[in-house]
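Asker: Next come the chains, spelled out residue by residue.
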Amino acid sequence: AQSVTQLGSHVSVSEGALVLLRCNYSSSVPPYLFWYVQYPNQGLQLLLKYTTGATLVKGINGFEAEFKKSETSFHLTKPSAHMSDAAEYFCAVSESGGADGLTFGKGTHLIIQP
Amino acid sequence: GAGVSQTPSNKVTEKGKYVELRCDPISGHTALYWYRQSLGQGPEFLIYFQGTGAADDSGLPNDRFFAVRPEGSVSTLKIQRTERGDSAVYLCASSLLAGQEQFFGPGTRLTVL
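Keeping their order, the protein sequence lines are chains A and B. Under my numbering, the first sequence has 85 at position 84, and the numbering climbs by one with no breaks. Under my numbering, the second sequence has 131 at position 72, and the numbering climbs by one with no breaks.
No lab work stands behind these hints, which were simulated from the structure alone. Treat the hints with care, since some could be wrong.
[Unchecked claim] Far from chain B by the CB rule (all over 10 Å, computed), these chain A residues:
no.	residue
1	Ser15
2	Gly17
3	Leu21
4	Val30
5	Leu45
6	Leu47
7	Ala55
8	Lys59
9	Ser71
10	Ser81
11	Ala93
12	Asp101
[To be verified] Derived list of chain B stretches under chain A, where covered just means 3 residues or more per stretch with a C-beta under 8 Å from a C-beta of chain A:
no.	stretch
13	100-107
14	110-120
15	156-168
Backbone N, C-alpha and C fix where the C-beta goes; we use that ideal spot for every residue, glycine too.
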């Protein structure tokens with residue numbers, strides 16, 4: 002069975018600082034990995050996804066994530082935080098290429114300090 | 060174009076009542092997914108439709124939960140004999156084809172008193 006662990010339910014960074022949100026997964030087959038963002042009162046929005054190929058994936062709004070098979074990790078980073086990045090971030094995994102339902106982590110609330 | 064819409068946005072009901080939650084996917088999307096998000100948790104998969112048929116309903120917690128998609132577009136999630144533990148935000152997502160990006164609706168917040 003697949004699962005996702007997101008370390009840190011809340012992460013606080015200063016505006017302009019590096020953002021690092023951690024995600025570790027468990028999967029019995031090569032996984033497809035996703036990061037979604039949820040702004041207040043809005044639906045989940047896909048930030049980026051890893052399927053196959055290049056392990057460093059670039060997404061929207063300056064975010065990127067690196068798939069590390071040896072560490073079973075897919076951490077999300079952004080070099081310089083902006084106030085508008087404050088939101089809830091979810092890591093998700095699929096063992097069927099995303100064709101079936103996704104398995105999500107519990108989420109990390111990102112707080113940006115001015 | 061229009062995104063995924065869900066109605067109602069909020070639903071308050073009493074324990075033991077029956078509720079229906081509606082999802083209108085993006086036009087032309089063949090795959091439709093239902094998730095449930097409890098407070099402080101990530102979305103939890105419930106059921107997935109490919110066209111009119113339920114391709115995977117392994118996430119439905121028990122037989123009080125049922126979903127339909129009779130014409131391959133709009134879907135309704137039905138909950139019988141609601142319990143307080145059913146209180147959550149119910150999310151719907153659709154994708155053009157299974158395996159492509161899932162687009163999520165804003166959710167229906169269900170509160171069972």
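Asker: Each hint should be assessed against the structure and marked as holding or not.
Answerer: Right, here's what the structure says about each hint:
1. Ser15: holds, 25 Å
2. Gly17: holds, 28 Å
3. Leu21: The assertion about A/Leu21 holds, with a minimum of 19 Å to chain B.
4. Val30: A/Val30 is indeed farther than 10 Å from all Cβ atoms of chain B, at 15 Å.
5. Leu45: violated, 4 Å
6. Leu47: violated, 5 Å
7. Ala55: holds, 18 Å
8. Lys59: holds, 15 Å
9. Ser71: holds, 25 Å
10. Ser81: Since the minimum Cβ distance to chain B is about 26 Å, A/Ser81 lies beyond 10 Å and the statement holds.
11. Ala93: violated, 8 Å
12. Asp101: Answer for A/Asp101: violated, closest chain B Cβ roughly 5 Å.
13. 100-107: Holds, because 8 residues of the stretch 100-107 of chain B bring their Cβ atoms closer than 8 Å to Cβ atoms of chain A.
14. 110-120: holds (count 3)
15. 156-168: With 10 residues closer than 8 Å to chain A, the stretch 156-168 of chain B meets the three-residue bar; holds.
The structure fails to meet hints 5, 6, 11, 12 from the earlier list, while all remaining hints are met.
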